[in-house]
Amino acid sequence: MHNPQLNADGELQHLLTLEGLPSEIIGRVLDTAVPFVSIAERDVKKVPLLRGKTVFNLFFENSTRTRTTFEIAAKRLSADVINLNIGVSSTTKGETLLDTIDNLVAMNADMFIVRHGQSGAPHLIAQHLSATHRSHIHVVNAGDGRHGHPTQGLLDLFTIRHYKRDFRELTVAIVGDVLHSRVARSLIHGLTTLGTPEVRVIGPQTLLPTAVEALGVHVFHDMRRGLAGCDVVVMLRLQSERMKGSLLPSAGEFFKHYGLTVEKLKLAKPDAIVMHPGPMNRGVEIDSAVADGTHSVILPQVTFGIAVRMAVMSILAGN
Amino acid sequence: MKIEIRNGRLIDPMHGVDRKASLYVAAGKVAAVGEPPAGWHANRVLDAAGLVVCPGLIDLSARLREPGFEYKATLESEVAAAIAGGVTSLACPPDTDPPLDEPGLVEMLKHRARSLNQAHVYPIGALTVGLKGDTITEMGELAHAGCIAFSQADAALADTQVLLRALQYAATFGYRVWLRPQDIHLARGGVAHDGEVATRLGLPAIPAFAETIALDTIFELVRATGVRVHLARLSTHDGVVRVRAAKKAGLPVTCDVAIHHVHLCDVDIGWFNAHCHLIPPLRGTRDRAALRAGLVDGTVDLICSDHTPVDDDAKQLPFAEAEPGATALELLLPLTLKWAREEKLPLSAALDRITAAPARVLGLDAGHLAPGADADVCVFDPELHWVVEPSALRSQGKNTPFLGLELSGKVRYTLVGGQVVHEA
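Each protein sequence line maps, in turn, to chains A and B. Take the first sequence: its letter number 209 is residue 209 in my numbering, and every next letter is one higher. Take the second sequence: its letter number 316 is residue 1316 in my numbering, and every next letter is one higher.
Each hint should be verified, as a subset may be incorrect.
[Said to hold, decoys possible] Some, not all, of what chain A presents toward chain B, calculated at C-beta under 10 Å:
no.	residue
1	THR17
2	GLU19
3	THR96
4	GLY117
5	ALA121
6	ARG146
7	SER181
8	HIS189
Since the hints were derived computationally from the structure, they do not count as laboratory data. Here a beta-carbon is modelled for each residue, glycine too, at the ideal position from N, C-alpha and C.
Can you build the whole structure from these sequences, using the hints too?
Rendered as structure tokens:
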């Protein structure tokens, strides 16, 4: 299948999904991010790689963390950053998504960082730019519906590589609401592309998508069995509107079965790391003792997220 | 007006005719086949050498978008598309705005269609008022106004008791009911087949058993009421299995499949191609294979176009938000020919599924070319290749998953009631 995020030379033109992204490109992003981590530790935290470029943070869905880390990343690359929190109501005001894009293109945008509640919105934008001969403008998917969150996936991979080195020896468990999770989908694609031999998803049937095994994962409903021997445990956020209803009876019962506690974590390898894309629901998917404990790499994930987003933007701007 | 369609390959599936013969049309009817009637003198001769002459196509699901959605399409534009595609009779679902739940609306639609004088338009009345699923419509009045059947279109009935009563009422008077089998609750919010593709793309999904659960309910109610039900746009493997069993058990049911589902499956969504956002959703390869096999063995009676013109703006949206539907009236014939070629079926079998079979479901004396029949005729070149592109389509809707595809089979003449209404 045609991969709409690569240009004619097979280079990254947009970052829309980790599915089908060659392992060399993923590796290049991760390698490029390494020196950017140390930039953040310097007094002057800026490099001029995106000087003169205008980056639009285009958030059709609320976000604080992702938008902020993209903003910091772009600013550290010396880009001009414009934040647009369009919210979900813009379409009711009459302007379509592509009208919004055309207007911003007319303001000479160089890159769009797009978050949208609908799966496929960044693909639609990229396709529109290509159909109107403006494909020099880059699109970065900052989360679309349930589909993908590729920079989160990349920062997760970066974190895992930082602590665990070789993907080809790892067992990784992803726990919780996989059904609605773009983070889970992106991470699964990234891990399988890099040769991780055992990727597990753990959750109740109501929160696992149909045929999820086809993505190359093993399904566990029993968290204790699923955590056994894991090197990496990734906890997913459970949205509050899904804690009660026909998917789950209550947050309390979810925590009992699928919340990560110190006791359950002992079933994983002694040196296992615990990750979470944030924001966390303490006492729902993760116990505070784990979130703040020695296995947790949740805050380093945030730090690495900026470096990885700098890497993505600088690679795109160079192509 | 006497018209002679000379030396074509005449295919009349209802009567098992497939031979080189001329067709003689007079006074709006087929006057003779093969040999001219005594004292024949044609006003016009259409040279059909190398062409196929068959009954005009009958499409059981064509949305003409009137009343209410004239910005998407009009009766003029879509009837022009129909006759350009060789379609001479159209059954129109009631999901217009307002829905076809009042005799006045039906009469207006019939009147508008008659004044165009180009194709036969058969409205399908709403089964419940406003398609809301709580009050049954005045089916007697609607039938009198011209409705040939009653349906909920895509607004499946949530309340099984209302469905039972609607079917009982229809059965009492011998009306036909067309239902698209889909459990309204299981389908809620879904836009794609519940399978690997929807999981990968993160699209809200509709499980296959949303169809089979609805079918099981419908079959029980058909048993209880004796109503004749036509199942519109079957989409799943298990649905085909259920229909096969129901027919074997003697239930008075027929069913159709949309032409898109004969050729496409969920994989064709690719990276969120909104042209593939259809109702019902494109299912898996196994489902498509079962639908095709069902068409071959007669479990699935016929193919409809499920023509639903959608304006560009409504498609230029993320997949789930894009309006479902595709233009198809002009593609029904070539895509049916493509199916038959792929299945190595004779041309007459292909044409049966879009002429004689739908005529039987409508209960109309149409879809054949015996002397005395209405002269609704399609003359097409089966070998003429053309590429599906917006400029090649008369329909106001230019959106179809088949854009860019090269097809063979192009209509040269369409006759309705003995008049040439389209020639190319």
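So, going through the hints one by one against the coordinates:
1. For the restraint placing A/THR17 at the interface with chain B, the shortest Cβ-Cβ distance is roughly 8 Å, inside the 10 Å limit, so the hint holds.
2. Interface restraint check for A/GLU19: the shortest CB-CB distance to chain B comes to about 7 Å, inside 10 Å, so the restraint holds.
3. Below 10 Å, beta-carbon pairs count as interface contacts, and A/THR96 has one with chain B at about 7 Å; its hint therefore holds.
4. Because the closest C-beta pair between A/GLY117 and chain B is about 9 Å apart, less than 10 Å, the hint holds.
5. A least Cβ separation of about 4 Å between A/ALA121 and chain B falls short of the 10 Å threshold, and the interface hint therefore holds.
6. With 10 Å as the threshold, the beta carbon of A/ARG146 comes within range of chain B, its nearest partner Cβ sitting at about 3 Å, so the hint holds.
7. This hint holds: A/SER181 has a C-beta 9 Å from the nearest C-beta of chain B, less than the 10 Å allowed.
8. Checking A/HIS189 against chain B: minimum C-beta separation of about 9 Å stays under 10 Å; hint holds.
The structure shown violates none of the earlier numbered hints.
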